[in-house]
Structures are given as structure tokens and as C-alpha cells.
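Trainee: Listed below are the residues making up each chain.
Number of protein chains: 2
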Amino acid sequence: MAACGDPGVAVDYDAPLQDTEPDRKTPMQDTHISLAHGNGGRYMRELIDELFARHLANPLLDTRVDAARIELDADRDVFVTTDGFTVKPLEFPGGDIGSLAVHGTVNDLSVAGAVPRYLTLNAYIEEGLEVALLDRLVASLARAARECGVAVVAGDTKVVARGEGGGLYLATTGIGVRRRGIELGMDRVRAGDAVLVSGPVGDHGTAVMLAREQFGLRGDLVSDSGPVLDIAQALLGVEGLRFMRDPTRGGLASVTNELVHATGLSVRLREADVPVRDPVRSVCEMLGYDPYYLACEGRLVAVVAAAAAGDALARMSAAPGGAEAALIGGVEAPQSHARVVLETTLGGERVLEELEDDPLPRIC
Amino acid sequence: MAACGDPGVAVDYDAPLQDTEPDRKTPMQDTHISLAHGNGGRYMRELIDELFARHLANPLLDTRVDAARIELDADRDVFVTTDGFTVKPLEFPGGDIGSLAVHGTVNDLSVAGAVPRYLTLNAYIEEGLEVALLDRLVASLARAARECGVAVVAGDTKVVARGEGGGLYLATTGIGVRRRGIELGMDRVRAGDAVLVSGPVGDHGTAVMLAREQFGLRGDLVSDSGPVLDIAQALLGVEGLRFMRDPTRGGLASVTNELVHATGLSVRLREADVPVRDPVRSVCEMLGYDPYYLACEGRLVAVVAAAAAGDALARMSAAPGGAEAALIGGVEAPQSHARVVLETTLGGERVLEELEDDPLPRIC
Chain D
46 MAACGDPGVA
56 VDYDAPLQDT
66 EPDRKTPMQD
76 THISLAHGNG
86 GRYMRELIDE
96 LFARHLANPL
106 LDTRVDAARI
116 ELDADRDVFV
126 TTDGFTVKPL
136 EFPGGDIGSL
146 AVHGTVNDLS
156 VAGAVPRYLT
166 LNAYIEEGLE
176 VALLDRLVAS
186 LARAARECGV
196 AVVAGDTKVV
206 ARGEGGGLYL
216 ATTGIGVRRR
226 GIELGMDRVR
236 AGDAVLVSGP
246 VGDHGTAVML
256 AREQFGLRGD
266 LVSDSGPVLD
276 IAQALLGVEG
286 LRFMRDPTRG
296 GLASVTNELV
306 HATGLSVRLR
316 EADVPVRDPV
326 RSVCEMLGYD
336 PYYLACEGRL
346 VAVVAAAAAG
356 DALARMSAAP
366 GGAEAALIGG
376 VEAPQSHARV
386 VLETTLGGER
396 VLEELEDDPL
406 PRIC
Chain Y
46 MAACGDPGVA
56 VDYDAPLQDT
66 EPDRKTPMQD
76 THISLAHGNG
86 GRYMRELIDE
96 LFARHLANPL
106 LDTRVDAARI
116 ELDADRDVFV
126 TTDGFTVKPL
136 EFPGGDIGSL
146 AVHGTVNDLS
156 VAGAVPRYLT
166 LNAYIEEGLE
176 VALLDRLVAS
186 LARAARECGV
196 AVVAGDTKVV
206 ARGEGGGLYL
216 ATTGIGVRRR
226 GIELGMDRVR
236 AGDAVLVSGP
246 VGDHGTAVML
256 AREQFGLRGD
266 LVSDSGPVLD
276 IAQALLGVEG
286 LRFMRDPTRG
296 GLASVTNELV
306 HATGLSVRLR
316 EADVPVRDPV
326 RSVCEMLGYD
336 PYYLACEGRL
346 VAVVAAAAAG
356 DALARMSAAP
366 GGAEAALIGG
376 VEAPQSHARV
386 VLETTLGGER
396 VLEELEDDPL
406 PRIC
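So the sequence lines, in the order shown, correspond to chains D and Y. Okay, so the first sequence: first residue is 46 according to this note's numbering, each after it adds one. Okay, so the second sequence: first residue is 46 according to this note's numbering, each after it adds one.
What the hints contain is simulated information worked out from the structure, not anything from laboratory work. There may be inaccurate statements among the hints.
No copy labels: a pair is met if it fits in one copy or bridges any two.
Taking lysine to aspartate or glutamate and the DMTMM-like style, the derived pairs with C-alpha atoms no more than 20 Å apart in a straight line are [to be verified]:
{"#": "1", "residue 1": "Lys-133", "residue 2": "Glu-171"}
{"#": "2", "residue 1": "Lys-133", "residue 2": "Glu-172"}
{"#": "3", "residue 1": "Lys-133", "residue 2": "Glu-209"}
{"#": "4", "residue 1": "Lys-133", "residue 2": "Glu-175"}
{"#": "5", "residue 1": "Lys-133", "residue 2": "Asp-180"}
For reference, chain D alone in the conformation it holds in the complex (with noise of 0.2 Å):
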């Protein structure tokens, strides 16, 4: 890919263009990663050339040159994000650490309202990484860029000691546009404003958390992870809109805990309001933690003037993605402190605190 390696790598790599899935199987001959598959000769080439252009091929993608020449629109304002994947394990029910980079960084363009256009990709690779593994998780990875309309323009590969990496651990740069005049912020938020989520909240915290610690439990249980961005791009119509996030790290509750940090007002949430699956509320009982503080990886929250939840809601739910879409809560002028309070089923409150330290508080 563009400018993959400090030095480049020379590759002769000039495949016609695809939009299709290319060979499951990579002609690499090795079958692990070894430290000679970074060192910038002809083992990084191969696997430059074999598995990562291979996958994700397209008309910018050129690993010979050092930066990618990208076309963006002179009429729209151009939005820039970044995010690390380091979840394990690599695959999980419902997806990978490849196809999650493709996810996180749409999802962090769709949510400031922009069209995600072009990404660049980092990959860490742990020596002795399994070659067939690698190979599955960059084609997940250009699968989910394909589905979301984005190219992979520029990508760089390091590869780690072993013992000093986590298998695979993954960068995304997302670069975006928006048409103009829009204009979306925690700081356009006002009491009274009513908040939305796109869907159950805590799948892809649970799917993951299972995967990970092997509790022997099974289920219907799988990650959320896809893309928001016509969710999102729905709800740039709605008149009133403030503010839009997707709540991964720390749930739910961190997003609004967020929001009353930045704006001084509280948020109020409705238990009986907030969807959260049956196998997610029932692993959570079971192994004490709070969905509302797990990732989610394919859900959006928005806040929007009172007036406009109605119309909000009706697009989330006829997007795709949105069928479980939920009028969740509202802001509202602080009591005392500002905070962010769960109207519990039974008809007491409980405060979602900050999160503080891992592993996640027990309430649920």
C-alpha cells in the first residue's frame, strides 16, 4: 500500500482493480510471521505484495510511493479522525479486529456527520503471528472498508518481538467530508433535549468479554460491530439535531457522563427505555458487570431538541441498523450535582458514575 514501510517497499504489485473478494488463500509460503517480515527487504515485500495489497486493492492504493494523492470534494469540509484496535481475541462472534478498525474510524466520521472517504491503516504484527490468521483478518478488514465505501489509501506494517505485541494490533486514520453548514457539538446541547440510541447496548462488550474469558458460555451472543453511518446520515435531516456519538469505550454511561461534563446539565435515563438484549442482561447478572458501561461497536447516540425526538426516532428506526432504535432519556438542568441518573425498573434511581478502574463496577 501507499507508503507501507519508512522506506517504502518496492513492489510489482499492479493487480487490476477489484470489488470482489479476492483468494481466501495468500501465496505467501511462510506460514508464521517472522522478524524478517519487517525489516524493510524482500520477506516485508512479500508480504506487503501477498497479503495486505492483495486484500485490499484499489485505484489509489500504490505500495511504491510514499504518500497517497487523494480527491476530495472543494465544496465540503473535510473531517479527520484516528483510532487503535487492540481487542482480543482477534476474532469474536460477530467479527475481528479487522473488520472493528474498518467500523471504529467510520463510525467516528459518521457521527461528526461526515461521508468517511479514504482510510490509512497501522498493523503491529507480533512475530510468530500465524500467516493463515493475519490473512483472514486483513481480508475481513478490506471487506468491511469495501462495504463501507472507504479505500485503504496508505498503510504502514511493523512487526514486534515476540512478547512485546498482542498478536495484532491495528491503527486506522479516517479522512471524511461534510457538506457545509452543519454544525453539531456537546456544546449545542440544552436542558430539556431528548437522547436516542440506535439500537441494545453492551453486545459487542459481552460478545468480546466471553470470547475472551472462555466462561463456558454460549449463546446468540454476537458483537454489534458494523457502521452507523446511514443511521447518521438519516439524522442529519432531523431539524434539531445537536449531537451525535458512538458509544465504544465505556458504554453508554461514559458517553453520558461526557456529555454532563461538558455541558454542566444532567442526563436522566429510563431502564425500561434502553435496550439491552436478554443473553447480554442475563450474562451481566451473572458475571457482575453493567451493560450500559460496555463498548458497543455498530450503535449511535444522539441528542436532539424535544420537539424533534419523534422525527429522530422515525429515521433511526427506517435506517439500516436501526430497527431497535429507542427514545432512551433526556438532559436536564442539574439538582444539586450534574450527573448522569438511571430510572431504575423499579422505580428508584441510580447514579452512572464516571468510570474509574477496571474491571467494571458491579450495579447490574
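Following the hints, put chain Y in place on chain D, whose structure we already have.
Mentor: Same frame as chain D, now just chain Y:
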């Protein structure tokens, strides 16, 4: 910083913009990084706010948003590049991983003929890293960015478990602009062209190797880590400029081998003309390394039409950092095989093969 953390992080960071260095001491109370600094809650907010944002303050860096809006000239071509950094030790004579992460990406844009404008930053911090060290590294990164005229507009931090990282890994993605009409690339290289380098090779590789291996060797050896932007911009005025590259991983030998791969032409270098500092040469002789394969981090290799060699050398020599620039060889039609040939000072020839395996080949 913008989009810092999956969920973004709510920080009340609103410090005045500063072009000068902030206080050296972080107000963070913790002395070492723990996993809690990566969980999206209060500790992570402190890390971002009191360490990263403190050093990286600039008008576009807002830690409360998902994606940063950037301004690009409508009449310029836009370039993007990315690079990962895993150097050890994290600090070495002449630089550190922070400044290196800026120079590496700035230089990849520079050799494409672009002026770097924006950076995004990913940090993978290993649990247990000393906060004071992290603070120095981020301060150094911020200083290098200021010196290069680039703004860090988005960032993300991940904390990885002890034994699953290398202290600190960084990735930077750079966005730059180039005036329209400039065409550069290995495909423009022709037999007869001249090859130049902007200064001595092997300084960075040798300095880091000595710092890492603790051979007990000391001396004047410092990394050449630095920007090549001025030199690259000066070369854009040369009629007949074909191609520029910074010889990082794999060094001068790898860049020229890349050229051979891409063009089918041979490259002939004259050992007597390739600048290598005496201490670098001594260390290489002692330890069995070849300076032509060692990374530079502040050098530029240029290929120009033969008739333009004098002009190119004059411009390089006059630019900051280019005082030791040299005309080191040329491109020629291959005899039997296209390859990189070094004319030795003794009148012999040796082939600089493409790097295969670590450790570096003993030839020097």
C-alpha cells in the same frame, strides 16, 4: 485531542493556544501507566488532558470531538501517508520515538513534494511505563511538530497489558498539500539519471544500535532524525527532478534496490562518494554491519536527469540540513541483471543485494 479514545474523551481542556513549550512536569499524580488509563473513564481522561493535550495544544485539537475539521487549499493536491514507530530504546542520542514519529511522516510527505500540514497520532502504551518518560516523549513529539509546522489534529491512546507491548509504540498519519502540476515517481527514472543523497548515511541506525545493545561504545554518534522538508522543497525547483525518497528502514541499499525493482534498470554507486561519518564506519567495521543498509531518518535520496545534477546538488547543499549533500552515482541500463552495484574505493565492484533476513549482512 480530537477523537481521542473510542468514545472520545470528555476533557475540560481549553488552555490558551501555545507555540512555546508547556511546563515540563505533568500534573498527573500517577507515576506509572496502569490499565485504568485505557478504560475510557477518569484516569484516561486525565492522561489525555494532563499529558497529551497539554503538550499538543493547537487550535484544531479538540479532545471532545470525534473527528477534527481540517482546512485544505482548494487549488492544491492532497496527500496522505502513515507510519508506525517501534524503535528501542525509546530515547537515543539525537532523538526519541516522539520526534521520530513526526520526522518519519513529515519526510514521507516531503519526498512526495508535499508540504505537511496535519498529523494524527496513535499511542499504544504498555502498562507500567513511567509517566515521566511518556511525558518527555510526548513533549518531544510536540516540539518536533511545531518545528515542522504541522498540527496534531486527532489522536487515540490505547493501554496494553504488561508484556504485550514495547513500552510505547506510535503511529502517525500525515496530510499534506502539493501545488498542482508536479509529477514525481520511480516510473520517471531513466538510464543516465544521477543519484544524490542529502547527507551521510547510517547515523540513525548506528546510534540506535549502540544505544540498544550497550556495547560500551561511545562517541559523537547521534541520529540524523530530522525533517527533509526544506531540501525536498528546494529540489522541486530542479528541472529534471524524477524521484525523491527518504532512506529509512533498510537504508540506501533498500531504496536503490526498490528503484531497480520498479524500473528494471541498474543503479551504480561510488563508495568514495557516498558520505559515511568516520565513527559510523568504525562501528560498522567493528560490529560487522554495512552502513548502506542502516536506516537514516533525516536524509533524502534524489534521482534527477544527468544535466540537472549540478543544479540539484547546489540546491540541496544550500538548504538547511543539506550541507553534506553528495552526488553518489547514477542509473544505467542493466548488463545481465538489473541490480545495485557499488564501485569500491579499491576499484572493485560489489552488489548491494536486496535485504533478506535480519541480522544485516556483514560486508562492510
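Trainee: Next step is simple, just say for each hint if it's right about the structure.
Mentor: Hint check results:
Taking identical chains as interchangeable, the C-alpha atoms of Lys-133 and Glu-171 lie at most 20 Å apart whether they share a chain (13 Å) or sit on different chains (15 Å). For the homomeric pair Lys-133 and Glu-172, the shortest alpha-carbon distances inside one copy (17 Å) and between copies (16 Å) are both at most 20 Å. Taking the shortest alpha-carbon separations for Lys-133 and Glu-209, both the intra-copy value of 15 Å and the inter-copy value of 12 Å come in at or below 20 Å. Taking the closest pair of Cα atoms, Lys-133 and Glu-175 come within 20 Å of each other only inside a single copy of the chain (15 Å); across copies the shortest separation is 25 Å, beyond that limit.
Taking CA atoms no more than 20 Å apart as the test, Lys-133 paired with Asp-180 passes inside one copy only; the shortest distance there is 17 Å, against 28 Å between copies.
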